Amino acid sequence: MAKITYHTHDNKTHTVDVQKGLTVMEGAIQNDIPGIDADCGGGMACATCHVYVKEQWLDKLPAKEDGEEDMLDMAYEPKNNSRLSCQIIVSDELDGLELNIPSKQG
Amino acid sequence: MNKTDVLIIGAGPTGLFCAHQLGIIGLSCEIVDNLDKAGGQCIELYPDKPIYDIPAVPECTGEELTNNLLKQIKPFNIKFHLNERVEELKKNKNRWHVKTSAGKEFDVAAIVIAGGVGSFEPRKFSVKECEKFEGKSLFYSIKDKSIFKDKTISIFGGGDSALDWAIELSNNSKVNLIHRRDGFSGAEASVQKVKKLNEQGKLNLYTKFQMDSVLGDKNIEKVKIKHDEGEIKEIKSDYVLGFFGLIMQLGPILDWGLNIDKKTVQVNTENFETNINGIFAIGDICSYPGKLKLILSGFHEGALAARGCFKYAKPDEKLRFEFTTTSKAAQERLGIKK
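One line per chain: the protein sequences are A and B, in this order.
Counting from 1, position 50 in the first sequence corresponds to residue 50 in this note's numbering; the numbering is continuous, with no gaps.
Counting from 1, position 201 in the second sequence corresponds to residue 201 in this note's numbering; the numbering is continuous, with no gaps.
Pulled out of the complex, with its shape left as it was, chain A reads as follows:
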């Protein structure tokens, strides 16, 4: 388990335990955290699980695979700290990870 904190657009903070091996997207879906749609189910094909990762965590994340940056072109208001949460797999190193969910997905 790792603690992941999702800050949602309505200024609420949701800190939940997410099982290692699941993605940050799945952690949000399983815990009913609003704002992550994940229309394509984690296939890097829709950009509706877009999140902004808190700066201090950016370097600790696995590098983007081919296609993630392409998909982020389609995201709603992408920034330098944008990631697709379906591509971040939860591990011990990510215990404490914090991210913001954009005001809307697409």
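No lab work stands behind these hints: they were computed from the structure.
Computed from a predicted structure; not experimentally measured.
Glycine included, each C-beta is placed from N, C-alpha and C at the ideal position.
Among the hints, erroneous ones may be present.
[To be verified] Pairs of lysine to aspartate or glutamate, DMTMM-like flavour, derived with a Cα cap of 20 Å:
| hint | chain 1 | residue 1 | chain 2 | residue 2 |
| --- | --- | --- | --- | --- |
| 1 | B | K262 | A | D10 |
| 2 | A | K79 | A | E93 |
| 3 | A | K64 | B | D182 |
| 4 | A | K104 | B | E129 |
| 5 | A | K64 | A | E93 |
| 6 | B | K224 | B | D182 |
| 7 | B | K262 | A | D32 |
[To be verified] Computed, partial: chain B to chain A, Cβ under 8 Å:
| hint | residue |
| --- | --- |
| 8 | S126 |
| 9 | G183 |
| 10 | A187 |
Mind docking chain B on chain A? Use the hints.
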């Protein structure tokens, strides 16, 4: 008025195979889809990407799968209504009266929603003022390119649509292409062409810029774009085009009184009927305990929903289970000559 047994909403793999299953049991159907071609997500999201988990097909692309399904339903001469979205459903005695966005009307016995994650709509700019100009001087697709002649156009995006239109329109218009990063997702040859046109001064390329705002009264006059590092540029523009791909929206399906949970429609697993008699939901759009969003699950759901439609389409007849291998009736429907 189009009269048929079943209306299928969505021409993705699940909808196509359901049409096949309806044909086999002797029911007629027509298919409506908001896209301009059949295939759904397979065609729109991954036409060239491989799929490895279709039973007995070790590998195929989204496009191949779609083409094979179309070939499989060819004997049934199914009518497609593309570029149309189903807007309204009304119960009319024992049948359904359906209206599409193009004003077409259907009289059907049952409805199968195979709508994936909803209908595909263009992704829009996040800047609020854009709405005001949409359809007049701001577009997400091009219907008539002649309006751009000798005008200044600002195109946003980095995929094939943005690149192709930037190249095409640079022949007769002044084109600015604005993209959020240096890399592009479009074809490499187009990227090189755009860079060359930029060097030759035939178009202006702005990378690491995104839209900040649009200015104008009735029509757009200028756009402000903002660099990653904060610099803001103001560029004259008669038209703005945004190409950010498509997003799926459930749309009118939300208003039909179906039990909806997290953008999916709840169904039973006996015949994939919803809470409303005569309306079925199959594929990615349906949910039930254990649901897997796989194409193969959609095929199974479609086969059962088709049989579920039978009692609405032919209330006085009994459906008998048959194999296509041995059923004369099924083979006749498939047009097989011996």
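Going down the list of hints, with the structure as the test:
no.	hint	in the structure
1	B:K262 - A:D10	19 Å, holds
2	A:K79 - A:E93	24 Å, violated
3	A:K64 - B:D182	16 Å, holds
4	A:K104 - B:E129	17 Å, holds
5	A:K64 - A:E93	17 Å, holds
6	B:K224 - B:D182	19 Å, holds
7	B:K262 - A:D32	9 Å, holds
8	S126	5 Å, holds
9	G183	6 Å, holds
10	A187	12 Å, violated
The structure fails to meet hints 2, 10 from the earlier list, while all remaining hints are met.
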